[in-house]
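These are the residues of each chain, in order.
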Amino acid sequence: MEYVNQEGLRIDGRRVNELRKIQCKLGVLKRADGSALFEQGFTRVLVAVYGPREITQRRKKLHDKAIINVEYSVATFSMTRRKKTSKRNKISQEIANSIRKSFETVIQLELFPSSQIDIFIQVLQADGGIIPACINASTLALIDAGVPMTDYLCSCSCSFIDEENLLDLNHLEEDSGGAIVTVTLLPEYNKITLLRVYSARIKMKNFETILKLGQNGCQRIADLMKSAIKEHTINQVNSRGIL
Amino acid sequence: MKRQQLSTNEQNFVGSSLISGRRIDLRSLNEIRDLSISFGSKYGQVMVKLGKTKVISSIQATVAQPFKDRPQEGFCRVRISLSNVSTIDIESNRKSQSDTLEIQRMIEDSYRESRVVDLESLCIIPDIWVWEIVCNVHVVDNDGNISDAANIATILSLSHFKLPQVTIKNGKAIIHTDEEKELIPLSIYHLPISVSFGLFEKGEIIIVDPCLIEEKTIEGRIIMMVNIHEEICSIRKGGGTPLTLDQILYCTKLASEKAKEISLIIDRELEKDLKLKTKQEYDNRHLISSILMKDEQTIKSSLPFPISNSLEETILDKIRNIQSLSWTNKNSTIEIEISELSKFTNLSLNLEQKKDTVQVINQKNVDKSGDEDENENENDDDFEANNNYSDDEEDENLNQRNEQFKEFIEITNILQNQNLSKKELELLNQLNSVSSSNNKTNNEKKESQEIILNNQKKIQNNEIEKINSKKNLKKNENHKPDEIDFSIAINPQFQTLKKK
Numbered sequence: 001m002e003y004v005n006q007e008g009l010r011i012d013g014r015r016v017n018e019l020r021k022i023q024c025k026l027g028v029l030k031r032a033d034g035s036a037l038f039e040q041g042f043t044r045v046l047v048a049v050y051g052p053r054e055i056t057q058r059r060k061k062l063h064d065k066a067i068i069n070v071e072y073s074v075a076t077f078s079m080t081r082r083k084k085t086s087k088r089n090k091i092s093q094e095i096a097n098s099i100r101k102s103f104e105t106v107i108q109l110e111l112f113p114s115s116q117i118d119i120f121i122q123v124l125q126a127d128g129g130i131i132p133a134c135i136n137a138s139t140l141a142l143i144d145a146g147v148p149m150t151d152y153l154c155s156c157s158c159s160f161i162d163e164e165n166l167l168d169l170n171h172l173e174e175d176s177g178g179a180i181v182t183v184t185l186l187p188e189y190n191k192i193t194l195l196r197v198y199s200a201r202i203k204m205k206n207f208e209t210i211l212k213l214g215q216n217g218c219q220r221i222a223d224l225m226k227s228a229i230k231e232h233t234i235n236q237v238n239s240r241g242i243l
Numbered sequence: 244m245k246r247q248q249l250s251t252n253e254q255n256f257v258g259s260s261l262i263s264g265r266r267i268d269l270r271s272l273n274e275i276r277d278l279s280i281s282f283g284s285k286y287g288q289v290m291v292k293l294g295k296t297k298v299i300s301s302i303q304a305t306v307a308q309p310f311k312d313r314p315q316e317g318f319c320r321v322r323i324s325l326s327n328v329s330t331i332d333i334e335s336n337r338k339s340q341s342d343t344l345e346i347q348r349m350i351e352d353s354y355r356e357s358r359v360v361d362l363e364s365l366c367i368i369p370d371i372w373v374w375e376i377v378c379n380v381h382v383v384d385n386d387g388n389i390s391d392a393a394n395i396a397t398i399l400s401l402s403h404f405k406l407p408q409v410t411i412k413n414g415k416a417i418i419h420t421d422e423e424k425e426l427i428p429l430s431i432y433h434l435p436i437s438v439s440f441g442l443f444e445k446g447e448i449i450i451v452d453p454c455l456i457e458e459k460t461i462e463g464r465i466i467m468m469v470n471i472h473e474e475i476c477s478i479r480k481g482g483g484t485p486l487t488l489d490q491i492l493y494c495t496k497l498a499s500e501k502a503k504e505i506s507l508i509i510d511r512e513l514e515k516d517l518k519l520k521t522k523q524e525y526d527n528r529h530l531i532s533s534i535l536m537k538d539e540q541t542i543k544s545s546l547p548f549p550i551s552n553s554l555e556e557t558i559l560d561k562i563r564n565i566q567s568l569s570w571t572n573k574n575s576t577i578e579i580e581i582s583e584l585s586k587f588t589n590l591s592l593n594l595e596q597k598k599d600t601v602q603v604i605n606q607k608n609v610d611k612s613g614d615e616d617e618n619e620n621e622n623d624d625d626f627e628a629n630n631n632y633s634d635d636e637e638d639e640n641l642n643q644r645n646e647q648f649k650e651f652i653e654i655t656n657i658l659q660n661q662n663l664s665k666k667e668l669e670l671l672n673q674l675n676s677v678s679s680s681n682n683k684t685n686n687e688k689k690e691s692q693e694i695i696l697n698n699q700k701k702i703q704n705n706e707i708e709k710i711n712s713k714k715n716l717k718k719n720e721n722h723k724p725d726e727i728d729f730s731i732a733i734n735p736q737f738q739t740l741k742k743k
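Going down the list, the protein sequences come from chains A and B.
Under my numbering, the very last position in the first sequence is 243; numbers go up by exactly one each time.
Under my numbering, the very last position in the second sequence is 743; numbers go up by exactly one each time.
Certain hints may be false.
Residues on chain A that point at chain B, a partial pick, calculated with CB under 10 Å [said to hold, decoys possible]:
id: 1; residue: VAL4
id: 2; residue: SER78
id: 3; residue: MET79
id: 4; residue: ARG82
id: 5; residue: LYS90
id: 6; residue: GLU94
Derived lysine-lysine pairs resembling PhoX-like cross-links, with alpha carbons at most 20 Å apart [stated by the list, open to error]:
id: 7; chain 1: B; residue 1: LYS311; chain 2: A; residue 2: LYS205
id: 8; chain 1: B; residue 1: LYS503; chain 2: A; residue 2: LYS83
id: 9; chain 1: B; residue 1: LYS503; chain 2: A; residue 2: LYS203
id: 10; chain 1: B; residue 1: LYS292; chain 2: B; residue 2: LYS503
Calculated from the structure, these hints are not laboratory results.
Just so you know, even glycine gets a beta-carbon here, dropped at the ideal spot from N, CA and C.
Modelling step: build the complete structure from the supplied sequences, incorporating the hints.
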């Protein structure tokens, strides 16, 4: 199967280094402190943030910091085949752990001792690039909740298929058997927190170019997110009749 | 019970020494701890020590049904288990195993995704039976960097392990035992070696192979799996201090260097042990076959070294194992013993007519005898006598060997007399005929029988009585002339009958 045809177009008509269409909606859930609905192509993720609030699991209480509690769940109707995966599944737990660790570096936890911040992630539609979408949606929801952070967290996936470096993979490209690299970036500092290389082997000489492509993609997503947040705050301010 | 945390004093000490460029165990920043490897008695059993971290792994191979959408692929799974034996930090419930989960999933997934083992070679009958190879890794002592140690253990286990051979006849798959056919090693494409780094001081200090105390003070970790062909198999960086692109690339270069170092050590140790194992197997077979022919006293005198009580027990255990094996895998042992037999029998025993068949068997034994002469330990006089006899001593050796042969036949009779099919009985009758043709009286025959019986009384008392009564009946039948039809042993038709 050809993932990049002779004219340089991919399966969905994109170029090699083009992102999918991104749509962000903040403040989707009224009861939650912060929420976001993030769409990247056909991948849709809904995130709700509760916190910082009093700690519910006394065993995990830290006297000097807040703890982050991430729950990751995939809807049964999100994939092409109906599949029920529990939250206690090993894969779900691993993903939740990696998301939690990456946010621990960014959120200013020392400001809230003995409290917890809950991030509940629900994948509504899965079409490739699920973990990057979850992280992007979580940052938006955290900003909507007003949790103080040192920087955004932007993430995207890239790969090396058909001797081309592809950015922002969809479902078919992920299953192609090439290596997948998911990069999570702090755009201000240009540093990488979460890096996962899996699904196949990469030559070391190609690795640098793939990483750079991933970094560029993350920076562009960061710009898109910032503009979406600006819009949302302007709407909120207008709706309260301040300006 | 809460996780054990380092005191702030200890953390500060480790941190400040790292800033001044030193590690607490006096290694340099890029140095791995001492790696020592030891193998177990079976193929696939490995113990790896990386400094004080100790990891044991072993392999189980079972037959399973393949997935329906991949009918020709076998399974290769890696399971890593930590328990409270290794460290107090691990609690028994699942929720607290978040850190170790990452390591487990990384190794399991990367082995499957980067295609370490050729899964299609594990296929027996497509869509029905495939091999399922499970590598179980247990962490015995956790002094930091479990992922590297566990990874080295799995690579070694997989490269050390050997599968039994399978032949397919008439739609049935027959798995041969170790003694029938040689075991074959797995087909492995490449060996991924994991190198884990600890990050400190916002990524400016990067240490290789952190020990446990360092693991608790570092601000972040990055684990890279690299192979010697300069390919990255997987990278896991789960949070922790963020790194710049250059720092990550520096890590990849370091990782490839370390991978080459480690793979050199691995190859060296593997070769050593595989050579040892093949030599041990060979020695064992000869020892056992010689033991079967003799009684206890001659065994003790003929062994090339003085034996202690424990060795004696082990030898007797081996005899019992073979004999118990022969109860279960009766049919398969006939073939082996006949081929071993020809070494001890006089080659001129009316076998000139069947030279071709005998030569096939003898070639195997000739090769073995060639190796044997090189071994310094083999001082067994009887062995040498059998291999290098001159024409003058033929007659004397003939008698000796006929005795041994006779005893051997009687052992086989005792062991294999139950539930034999007609053709097998014929063969045994033919073998018996050789013993009866010798110029010995019935008394001497009875004596030799008694010797054997004494040896086996420990094992099977009641059954021996039954067998003796059967034997007396058989001796009264009319025997055929002196001809051993070795062709039956090699005849494929006969083989299928035996193996049912």
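Holds or violated: A:VAL4 as interface residue toward chain B, Cβ cutoff 10 Å? 22 Å, violated
Agreement of B:LYS503 and A:LYS83 with the hint, judged by alpha carbon distance not exceeding 20 Å: 42 Å, violated
Hinted pair B:LYS292 and B:LYS503, Cα distance within 20 Å: 18 Å, holds
Against chain B, run the beta carbon of A:ARG82 and see if the smallest gap drops under 10 Å. Hint violated; A:ARG82 Cβ to chain B Cβ min 17 Å, cut 10 Å.
Hinted contact A:GLU94 with chain B - closest CB pair below 10 Å: 5 Å, holds
Has the given pair, B:LYS311 with A:LYS205, been kept, meaning a C-alpha gap of at most 20 Å? Roughly 38 Å between the alpha carbons, so the hint for B:LYS311 and A:LYS205 is violated.
With a cut-off of 10 Å on the beta carbons, see whether A:SER78 makes it to chain B. Violated, because the Cβ-Cβ distance from A:SER78 to chain B comes to roughly 21 Å (cut-off 10 Å).
Restraint satisfaction for A:LYS90 [CB to CB of chain B, less than 10 Å]: Since chain B brings a Cβ to about 7 Å from A:LYS90, closer than 10 Å, the hint holds.
Are B:LYS503 and A:LYS203 close enough, with their CA atoms no more than 20 Å apart? Given pair B:LYS503, A:LYS203 holds - Cα atoms ~16 Å apart, limit 20 Å.
Holds or violated: A:MET79 as interface residue toward chain B, Cβ cutoff 10 Å? 16 Å, violated
Hint violations for this structure: numbers 1, 2, 3, 4, 7 and 8, all remaining hints satisfied.
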